[in-house]
Amino acid sequence: MTAEALRAPADPYRPGPQTTAMDAPSQVTGHGAGGPAPKRIIVGYGFWIFLLSDVIMFSSLFAAYAVLFKNTAGGPAAQQLFDLRNTAAETACLLGSTFTCAMASLAVGERSQKWTQLALLATGLLGLAFISLELREFTSLVARGAGPTRSAFLSSFFTLVGCHGAHVTAGLLWLGTMMAQFYAKGFRENIRHRFLCFSLFWHALDIIWVAIFSLVYLVGTLPSELLP
Amino acid sequence: MTTEHEFDAGSNVGEDRAVGAESAAAERTLGKEFRAYALGLALAVALTAASFWVRGTHLVYGPSLAVALLVLAVAQMGIHLIYFLHITTDPDNTNNVLALAFGVLIVCLIVFGSLWVMEHLNHNMVPTDELMRMQR
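Order-wise, the sequence lines are chains A and B. The working numbering numbers the first residue of the first sequence as 4 and each following residue consecutively. The working numbering numbers the first residue of the second sequence as 109 and each following residue consecutively.
Please keep in mind that the hints were generated in silico from the structure rather than gathered at the bench.
Pair by pair, the computed Cβ-Cβ distance ranges are:
hint, chain 1, residue 1, chain 2, residue 2, range
1, B, 235, A, 89, 34 to 40 Å
2, A, 113, B, 154, 25 to 31 Å
3, A, 128, B, 240, 49 to 55 Å
From the three backbone atoms N, C-alpha and C, an ideal C-beta is built for every residue, glycine too.
All chains, please: the whole structure from these sequences, using the hints.
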């Protein structure tokens with residue numbers, strides 16, 4: 004027995020920067036045996052918990068929208084307000100940006116600065132197009148007297164869709180900082196972990212949008228006799 | 109033993125890696141990953157197109173449209189989870205899957221619970237205009 008083997012193993016749960024098990028490529032699964040999971044797994048898991056809490060917040064906004072859907076207070080209903088071509092264009096922008104974000108993660112895996120920046124730029128431009136389409140829709144609704152103060156239905160609509168729009172806007176700011184960090188600091192491990200969180204955030208926003216365009220726009224504009 | 113670090117970027121919450129195996133990362137090539145993302149995009153586009161088509165067509169029985177759109181939406185969310193968020197059945201993904209299951213449970217409780225309770229409340233409440241008349 005060498006002195007090395009007699010020394011107590013380092014505590015993997017010790018707070019602060021880890022220099023041992025966390026950095027080494029590891030075969031463990033995070034189920035207790037063999038020590039903690041690699042840091043990438045833990046970072047992704049933590050951010051995934053945050054995203055799920057965000058989804059739960061959105062689910063209460065969806066519930067409010069569904070409950071208040073018929074409370075139009077004599078004002079315009081969904082059938083008279085929404086333009087499905089605009090919704091289709093927004094959907095195309097967001098789906099495209101999800102794909103370019105996935106391309107950025109491939110480029111990061113390849114350590115290609117040029118393709119990373121290009122894919123992230125495309126993601127940002129598509130996100131900007133989405134936001135401007137949404138803002139155009141909101142301003143036209145307000146101009147037609149269908150602002151958030153008109154009825155409980157419109158309040159819940161603007162809260163739900165506006166909250167998603169606010170998330171996309173925050174994501175665009177985050178995207179800008181990611182581009183700057185890759186440019187200035189290169190493909191360091193902690194930067195790649197931040198980018199992992201960003202890409203999870205961006206893909207999760209697209210999942211929320213799938214629910215919005217399906218339920219708020221497509222189901223919402225069905226003739227009222229076809230609604231459950 | 110350094111292969112793991114080569115592939116830890118991007119949105120791979122859990123990359124495919126069997127327990128105890130040297131690393132499946134060696135088999136993950138750029139082409140394969142690209143094809144997986146392209147397949148995910150194609151499926152998502154197909155489901156989106158199907159949603160908009162179903163909404164506009166008269167070929168589908170009217171009262172079933174809402175349920176059909178809901179099913180298409182859930183299917184597309186599944187595609188996004190698998191192809192873009194990489195939620196898989198891998199051993200190192202178990203925690204993510206369990207968290208997702210809990211999230212889905214809470215979402216269902218909030219949405220269906222709210223609809224159920226408020227539906228009953230609407231049934232049992234005096235309509236607002238009658239209430240106003242009674243207060244006069």
